[in-house]
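Fit chain B to the supplied structure of chain A, relying on the hints for placement.
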Amino acid sequence: MDQQIIITVGREFGSGGHEIARQLAEQLNLHFYDRSMLDEVAKATNVEVEFLEKYDEKPRKLFGSRRVGAFSNSMEEIIAELQFENLRQKAESGESFVIVGRCAESVLKDVKGLISVFILGDLQEKVKRIQERYQLDEQEALFKLKRHDKKRKQYHNFHAEGKWGDSRTYDICINSSRLGIEKTVELLKCYVEERIRTF
Amino acid sequence: MAQILAVSIFVVMFLLVVTEKIERYIVTLVCGLLTLLLVFGAAMQNMDAIIETLNVKSIFTLGFWYTAGSAEESASGINWATIIFIMGMMIMVEGMARAGFFRWLCMKLARLVHYRPVFLFLTFMVMSALLAMFIDSITVILFLAAVTVELAKLLKFDPVPMIISEIFCANLGGSATMCGDPPNIIIGTSLGYSFSDFILNTGVLAGISLILVIGYFYLIYGKQLKRVTVSEEDIAKMPDPKEAIRSRKDFIISSTIFGGAVIMLVTHAQTGLTVAYIGAVIAVITLLTAGKDAWKLIKKVDYKTILFFIGLFVVVGGLEQTGVLEKIAGLIGSISGGNLIVMAAIIIWISAVASAFVDNIPFAATMIPIIKSLAAAQGADLATLAWTLSMGTDIGGSATPIGASANVVGTSVAAKNGYLIGWGRYCKAAAPATVLVVAVSMVIIFIRYC
Numbered sequence: 001m002d003q004q005i006i007i008t009v010g011r012e013f014g015s016g017g018h019e020i021a022r023q024l025a026e027q028l029n030l031h032f033y034d035r036s037m038l039d040e041v042a043k044a045t046n047v048e049v050e051f052l053e054k055y056d057e058k059p060r061k062l063f064g065s066r067r068v069g070a071f072s073n074s075m076e077e078i079i080a081e082l083q084f085e086n087l088r089q090k091a092e093s094g095e096s097f098v099i100v101g102r103c104a105e106s107v108l109k110d111v112k113g114l115i116s117v118f119i120l121g122d123l124q125e126k127v128k129r130i131q132e133r134y135q136l137d138e139q140e141a142l143f144k145l146k147r148h149d150k151k152r153k154q155y156h157n158f159h160a161e162g163k164w165g166d167s168r169t170y171d172i173c174i175n176s177s178r179l180g181i182e183k184t185v186e187l188l189k190c191y192v193e194e195r196i197r198t199f
Numbered sequence: 001m002a003q004i005l006a007v008s009i010f011v012v013m014f015l016l017v018v019t020e021k022i023e024r025y026i027v028t029l030v031c032g033l034l035t036l037l038l039v040f041g042a043a044m045q046n047m048d049a050i051i052e053t054l055n056v057k058s059i060f061t062l063g064f065w066y067t068a069g070s071a072e073e074s075a076s077g078i079n080w081a082t083i084i085f086i087m088g089m090m091i092m093v094e095g096m097a098r099a100g101f102f103r104w105l106c107m108k109l110a111r112l113v114h115y116r117p118v119f120l121f122l123t124f125m126v127m128s129a130l131l132a133m134f135i136d137s138i139t140v141i142l143f144l145a146a147v148t149v150e151l152a153k154l155l156k157f158d159p160v161p162m163i164i165s166e167i168f169c170a171n172l173g174g175s176a177t178m179c180g181d182p183p184n185i186i187i188g189t190s191l192g193y194s195f196s197d198f199i200l201n202t203g204v205l206a207g208i209s210l211i212l213v214i215g216y217f218y219l220i221y222g223k224q225l226k227r228v229t230v231s232e233e234d235i236a237k238m239p240d241p242k243e244a245i246r247s248r249k250d251f252i253i254s255s256t257i258f259g260g261a262v263i264m265l266v267t268h269a270q271t272g273l274t275v276a277y278i279g280a281v282i283a284v285i286t287l288l289t290a291g292k293d294a295w296k297l298i299k300k301v302d303y304k305t306i307l308f309f310i311g312l313f314v315v316v317g318g319l320e321q322t323g324v325l326e327k328i329a330g331l332i333g334s335i336s337g338g339n340l341i342v343m344a345a346i347i348i349w350i351s352a353v354a355s356a357f358v359d360n361i362p363f364a365a366t367m368i369p370i371i372k373s374l375a376a377a378q379g380a381d382l383a384t385l386a387w388t389l390s391m392g393t394d395i396g397g398s399a400t401p402i403g404a405s406a407n408v409v410g411t412s413v414a415a416k417n418g419y420l421i422g423w424g425r426y427c428k429a430a431a432p433a434t435v436l437v438v439a440v441s442m443v444i445i446f447i448r449y450c
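Protein chains in written order, with this note's numbering: chain A, 1 to 199; chain B, 1 to 450.
Here chain A stands alone, though its shape is the one from the complex (with noise of 0.2 Å):
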C-alpha cells in the first residue's frame, strides 16, 4: 500500500472494539497498536511498563498533581502526552496502521490518510462480553463498564478536541451488535478500500 493509512479505533468497553481493531489491523495488513505503546513508552523512559499502565487512558486524578502554564506534573497527563508524540512520529515516519484509543483522532487529524471508526454496542450485549471475558456477575459487569466507559471519555474530552463517542468526532460510527465482530469487521475493511480510493 503505497497511501499512507491510519485508522484510529474509539471504542466503548465490552462493544468489542479492540478486537474489531485488531482484526481490521490483521486483514489489511498493518501494523497494530494498543496498550502495548506503553513498551515502547516504557523503553524509551526506562520505566516498568506495570508503571505506566496505572495511569494508561485515564483521565487526571483531582489530587496529587498540578498544572502550571502549559507545564503539568500529572502522570496521567504525562503518559498521555509521551503516548501522543510517539504516535506523531509514527506518523511522520509514513507508517501506516491501526490504533486502538489514545484519543488518535484528534492527535493525528491532520494526517492525509486518516480514517476514524467509533465502535458502540448494545448494553446486553456489552454487559455479556465483560462477563465471559472477565469472569464477572451481570451486576459487576455493568458497574466495571460504567466504570471504565467514565474515565475513557473524561480522557478523551480532556485531550481531544471532539467529545467521546459522539458521531460527529469520527468517520463512521458502528454499533457491533448488529452485525457481530466478524460482520463489523468486513464492513470496516469496504469501508476502508473505499476511502483509500479517494486519496
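Among these hints, one or two may not hold up.
Taking lysine-lysine pairs in the DSS-like style, the calculated list, with each CA pair at most 25 Å apart, reads [said to hold, decoys possible]:
hint : chain 1 : residue 1 : chain 2 : residue 2
1    : A       : Lys54     : B       : Lys428
2    : A       : Lys151    : B       : Lys416
3    : A       : Lys43     : B       : Lys21
4    : B       : Lys416    : A       : Lys61
Away from chain A, derived, C-beta distances all over 10 Å, residues of chain B [claimed, not checked]:
hint : residue
5    : Val7
6    : Met47
7    : Phe60
8    : Glu243
9    : Trp349
10   : Ser373
11   : Ser405
12   : Trp423
No lab work stands behind these hints: they were computed from the structure. All residues carry an ideal CB built from backbone N, CA and C; glycine is no exception.
Same frame as chain A, but now just chain B:
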C-alpha cells in the same frame, strides 16, 4: 452571616483552586466578585469595606511609589504593589529570556566546570538559589531543568537527581529575599518590610540552610554522579554558550536592566523607592528598549496569574473585614498561651505542611492578617512571625511535586524528555530535606528571636 458567607466563599475557592477543574484565575475572580456582592454588599451593606478592599486609591498616593524613611505598610485588600511588581518582573524576565541570557548563563557555567557531573550538580544548585533570589523560580527552573536534561542526554547521565536538587534550591533561594517568592512579596508589601529586612533575616536562614542542603543532596546523589565519566569527545560535542545569545545588543540591554533591578531592590530601603516603583520602572525600560518587540513582551505577561492575585486578595479581604481571621489568630494565641516560641512553632509547621500540598500564595495571603492580629492581640513580635511564615510557606512547598510551581515545571520538563519523576522518587529526596530546613530554621528562629 457575613462571616459564614466569607468562609464559605473562601473554602469553595480553595477547593476549586486545588482541584484545577476550572482555571484558577476564573475561580478567584468569581469568588472575589461574590465576596464584594454577597459579603460586603448584601450581608454587611458596607460600601467602605468594598472601597477599602479594592484599594485602588492607594495607587494614587505618593507612599505607594516612594517612601521617605521606612517602607510603607499596605492597607488590606488588593495588594497592588505586589501585582505591579510581579508584572514588571515578568516583562523584564521575558526580555532576558528572549535575549538568551538564562541559557547562556547555564551553558557558560557548565563549560567553566568542564561539564563534570558532580561539579555541574553543585554549581547548578548554587546558581538556582542565587537566581531565584531575584527572579521567579518558575523561570529559573524552566531554563535550568531544560539545560540539565540537554547536558544529561549528551553526557549520558540521569538528570533527575540534579533537577530535584535544583528545584529545592530555587525554592530555598526564593525564601531569601523579598522578591524571590510571591509569599515574600505579599508579606513584604503588606507588612512594610524591605529587601534588606528579608536578606538579613530569611536570607541568613536560607544561606545556612543552603549549605546544609548542598551537603544533604551530595550525600544522597554524589556517589551516583561521581560514577559518570566525561570524555574529551563528549566535551567537544557540547554547544558553545555564545550560540545561546540571540542578539548581542538585546543581551547587553537585558543584563543591564537586570543588574539595575538588583541594585534598586537591594537599596530600596535607603532610596525610598517602593517595589511597585521598581516593578514599573523595569517594565517601562524593558519595553522602551525592546523597540518593535515591546508588544510581544506585553503579550507574554501571564495575565492569568495577575487576575488570580486580584481575585485572591478580594476573597482574603472578605475574611479580614468580617473578622474571621482575627478569630483564627485568637485561636492560635490561646493555644500558644501567648508564648512566642509556641506561636512560631505552630506557624512554621502549619505553613510548611499546608504549602507542601496546596498553593502557598493563597495560604500566605490568608496568614498575613492572622499574624498581624496575633502581634496586635498577644504582643508577639510581628517581624518574627513574618520570617517564620515566610520560611514555612517557601520551604514547605519543596516537600512534594505539587507544593510549588517550580516543582511542577521541573518535573514536567523532565517528564517531557522521558525522565518520569513520581511522588515516591521526588519525596524520598525532597521531603527529608524540607523537614531538615524547616527544623533548622525553627531552631535558629527560637535562638535569635524568642
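Going through the hints against the structure:
A C-alpha spacing of about 21 Å is found between Lys54 of chain A and Lys428 of chain B, which places the hinted pair at or below 25 Å, so the restraint holds. With a CA separation close to 23 Å, the supplied pair Lys151 of chain A and Lys416 of chain B stays within the 25 Å bound. Among the hinted pairs, Lys43 of chain A with Lys21 of chain B is inconsistent with the structure: their alpha-carbon atoms are about 32 Å apart, more than 25 Å. Distance check on the hinted pair: Lys416 of chain B and Lys61 of chain A sit about 19 Å apart at the alpha-carbon level, within 25 Å; holds.
Here Val7 of chain B stays apart from chain A, with its beta-carbon at least about 22 Å from theirs, past the 10 Å limit. The claim that Met47 of chain B is not at the interface with chain A holds, since no C-beta of that chain comes within 10 Å of its own (minimum 37 Å). For Phe60 of chain B, the non-interface assignment is confirmed: its Cβ lies about 32 Å from the closest Cβ of chain A, beyond the 10 Å cut-off. Every beta carbon of chain A lies more than 10 Å from that of Glu243 of chain B, the smallest distance being close to 25 Å; the non-interface claim holds.
Remark: the non-interface label on Trp349 of chain B is consistent with the geometry, its nearest Cβ contact in chain A lying 21 Å away (cut-off 10 Å). Separation of Ser373 of chain B from chain A is adequate, the least Cβ-Cβ distance of about 30 Å exceeding the 10 Å criterion. Non-interface status of Ser405 of chain B relative to chain A is broken: a Cβ of that chain comes within 10 Å, the nearest being about 5 Å off. Some Cβ of chain A comes within 10 Å of the Cβ of Trp423 of chain B; the nearest lies about 7 Å off, and the non-interface call is violated.
Figure legend: structure checked against the earlier numbered hints; hints not met, in rising order: 3, 11, 12.
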